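Enquirer: Residue-level listing of the chains:
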Amino acid sequence: MSATLGALVPSGSIGGAIEFIFEPQSSNVTGGKEVGGLSQVVELMLNQLELTVLALALALVVALPLGLYLGHRGVGETLAVGLGNVGRAVPELALIALMASVIGVGLLNVTIALAVLGIPPILTNAFVGIHQVDHAPVDAARGMGMTEAEILFKVEMPLAVPTLMAGVRGATIAIVATATIAPLAGVLTLGDFVINRNVYGESGLLAGGILVALLALALEFALAGIQRLLTSRGLRLSAA
Amino acid sequence: MASAATLALPLAKVGEVGESFFHERTSETLPCQAHESHLFCFDWAKENIDSFGTPTLQHLELVAFSVVIGFAVAFALALLAHRRLWLQTPLLATTGVIYTVPSIAFFFLLLPVTGLGRDTVIIALSAYTLQIIYRNATTGLANVPSAAKDAARGMGMSERQILWRVELPLAVPEIVAGLRIATVSTVALATLAVFIDGGGLGAKIYGRGNLTFPTSIVIAGGLAMAIAFAFDLILLGAQRYVTPWRRTAEA
Numbered sequence: 136m137s138a139t140l141g142a143l144v145p146s147g148s149i150g151g152a153i154e155f156i157f158e159p160q161s162s163n164v165t166g167g168k169e170v171g172g173l174s175q176v177v178e179l180m181l182n183q184l185e186l187t188v189l190a191l192a193l194a195l196v197v198a199l200p201l202g203l204y205l206g207h208r209g210v211g212e213t214l215a216v217g218l219g220n221v222g223r224a225v226p227e228l229a230l231i232a233l234m235a236s237v238i239g240v241g242l243l244n245v246t247i248a249l250a251v252l253g254i255p256p257i258l259t260n261a262f263v264g265i266h267q268v269d270h271a272p273v274d275a276a277r278g279m280g281m282t283e284a285e286i287l288f289k290v291e292m293p294l295a296v297p298t299l300m301a302g303v304r305g306a307t308i309a310i311v312a313t314a315t316i317a318p319l320a321g322v323l324t325l326g327d328f329v330i331n332r333n334v335y336g337e338s339g340l341l342a343g344g345i346l347v348a349l350l351a352l353a354l355e356f357a358l359a360g361i362q363r364l365l366t367s368r369g370l371r372l373s374a375a
Numbered sequence: 013m014a015s016a017a018t019l020a021l022p023l024a025k026v027g028e029v030g031e032s033f034f035h036e037r038t039s040e041t042l043p044c045q046a047h048e049s050h051l052f053c054f055d056w057a058k059e060n061i062d063s064f065g066t067p068t069l070q071h072l073e074l075v076a077f078s079v080v081i082g083f084a085v086a087f088a089l090a091l092l093a094h095r096r097l098w099l100q101t102p103l104l105a106t107t108g109v110i111y112t113v114p115s116i117a118f119f120f121l122l123l124p125v126t127g128l129g130r131d132t133v134i135i136a137l138s139a140y141t142l143q144i145i146y147r148n149a150t151t152g153l154a155n156v157p158s159a160a161k162d163a164a165r166g167m168g169m170s171e172r173q174i175l176w177r178v179e180l181p182l183a184v185p186e187i188v189a190g191l192r193i194a195t196v197s198t199v200a201l202a203t204l205a206v207f208i209d210g211g212g213l214g215a216k217i218y219g220r221g222n223l224t225f226p227t228s229i230v231i232a233g234g235l236a237m238a239i240a241f242a243f244d245l246i247l248l249g250a251q252r253y254v255t256p257w258r259r260t261a262e263a
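Protein chains in written order, with the working numbering: chain A, 136 to 375; chain B, 13 to 263.
Think of the hints as simulated: they come from the structure by calculation, not from any bench.
It should be emphasised that the depicted structure is a prediction, and the values quoted were computed from it without experimental measurement.
Treat the hints loosely; a few may be bogus.
[Unchecked claim] Output of the computed footprint for chain B on chain A, the stretches with three or more beta carbons under 8 Å from beta carbons of chain B:
(1) 229 to 238
(2) 327 to 337
(3) 349 to 358
The C-beta atom is built at its ideal place from N, Cα and C for all residues, glycine as well.
Turn these sequences into a full structure, and let the hints steer you where they fit.
Expert: Pasting the structure below:
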C-alpha cells in the first residue's frame with residue numbers, strides 16, 4: 136500500500152510528508168528500523184509542547200512581575216524597552232548552541248535558553264501596556280481609595296490585556312519555533328525530523344515543517360481564546 | 013623539500029635532546045582550541061577570523077534582500093488597503109497567519125516548491141517581515157490626524173498629493189519603527205538559514221552537522237548582533253533625515 140503511494144508521489148513532496156506522519160517508514164541509516172509514523176510524531180510533539188510550556192512559564196515568572204511593577208511605577212523604561220530591543224537581536228541558534236557547548240545539554244539548559252528568548256517581549260509589553268493605561272481610570276481608582284496593588288490588578292491589568300497578551304503570544308511563537316532546534320542540545324522535539332535529515336529523509340524534513348507550523352498555529356489560536364476570556368466584558372463590547 | 017629536512021631533524025636527534033624535548037602536555041600547555049569548555053579562544057579567533065568574511069557577506073545579503081522585498085510588498089499592500097478599506101481585515105488576517113508560522117517551519121514548507129538554498133530563505137524571511145511592516149504602515153497611515161488631511165484638501169490637493177505629501181511623511185516614524193523591528197529580527201532569524209543550505213553566519217554556529225566550539229559561536233553570534241544594531245542605527249538615521257520637522261521639535 137505504502138509502496139504504491141510512494142510510487143505515485145515524488146519523494147520530498149507533500150504526499151510523502153503526510154505519509155511519513157501517519158505511517159512509519161523504513162530508513163536506510165537506522166538498519167531497517169522504522170522511523171516516523173503517528174506514535175513518534177505524537178511523542179515528539181508532546182515533548183515540544185512540554186518544553187514550550189516550561190520555558191514560557193519560566194519567562195512569565197521572571198518577566199511579568201518585573202514588567203508590571205516597572206510599568207505601574209513608570210520607572211525603568213530604558214531597561215524594559217531596551218532589553219526588548221536587544222533581545223530581538225540575539226540569534227536563537229547562537230544562544231542554544233552556546234548554552235549547549237558551554238553549560239551542557241539537557242532539558243534544564245534548553246528551557247533556560249528558550250526562556251531567555253521569551254523574556255524580552257513579555258517584559259516590554261507588560262511595561263508598555265501598564266504604562267500607557269489611561270490616567271483617568273487610575274486616578275478615579277485612587278480617589279475611590281484603592282490600594283496600589285488593587286489599582287494594578289483590578290484597573291491597569293484588565294485594561295492592558297491586549298498589550299500583555301500580545302507579548303505573551305509573541306514569546307510563545309518565538310519559543311515554540313526555537314524549540315525546533317532543541318535536538319541540537321539533546322532534547323528531542325519535532326525538530327529531530329528536520330535536523331537529522333540523513334535519518335528521516337526529505338519526507339521527514341517536510342513533515343517536521345508542517346507539524347511545527349500546525350503546532351504554532353494551534354498555540355496561537357489557544358492564546359487568542361485565552362485573551363478573549365481574560366478581556367473584561369465591558370472592553371469586549373466597546374471593541375465590537 | 014626544505015620542510016621535510018627540518019621535520020626530519022628533531023627525529024634524528026631524539027637521543028641527544030632527551031627527555032627535555034618530549035615533555036608530557038598537561039591541560040595548561042594545551043592550546044586553547046583543545047578546551048571544549050573555553051568560552052573564547054583568542055589564538056583561534058586571530059587565526060580564523062578570515063573565515064567569517066564570506067558568511068558575514070552572505071548574511072548581509074540574505075537580510076538585505078528579505079527586508080527590501082518584504083518592505084516593497086508590505087508597502088504596496090498597505091497603500092492598497094488604505095485606498096480600499098474592505099481589504100484591511102482579510103490582509104491583516106493573512107499576514108498574521110504567515111507571521112505565526114515559525115520561519116524555521118516556513119523554510120521546510122517551501123522546500124518542495126523552491127528547493128534547498130538561498131531563494132527559499134529569502135522568501136520565508138520576506139514573508140516574515142511582511143506582517144510587521146504591513147501592520148505598522150497601516151497603523152501609521154490611520155493615525156494621521158484628520159485635521160492635517162482636511163487642511164491639505166482645503167488647499168486644493170488631490171488625493172494622490174495628500175497621500176504622498178501629507179499622509180506618508182507623517183506616517184514615516186511608524187513605518188520606520190516597523191522596518192527596524194523587522195530588520196533586527198531578520199538578522200537573528202537568518203542564522204537559521206544554515207539548515208536549508210542557505211549560508212550566512214549560522215554556518216559558523218552550526219558547522220558540519222555539529223555544534224562547533226564556543227569561540228566560533230561567540231564570534232558569529234556577536235557579528236550577527238553587531239549587524240542588527242548597525243542596521244538599526246542606519247534606519248534610525250534615515251528616519252531623522254527624512255523627517256526634519258521632528259528633529260526641530262525634539263530640540
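Enquirer: Are the hints correct? Go through all of them and say.
Expert: Status of each hint after checking the structure:
no.	hint	in the structure
1	229 to 238	holds (count 7)
2	327 to 337	holds (count 3)
3	349 to 358	holds (count 3)
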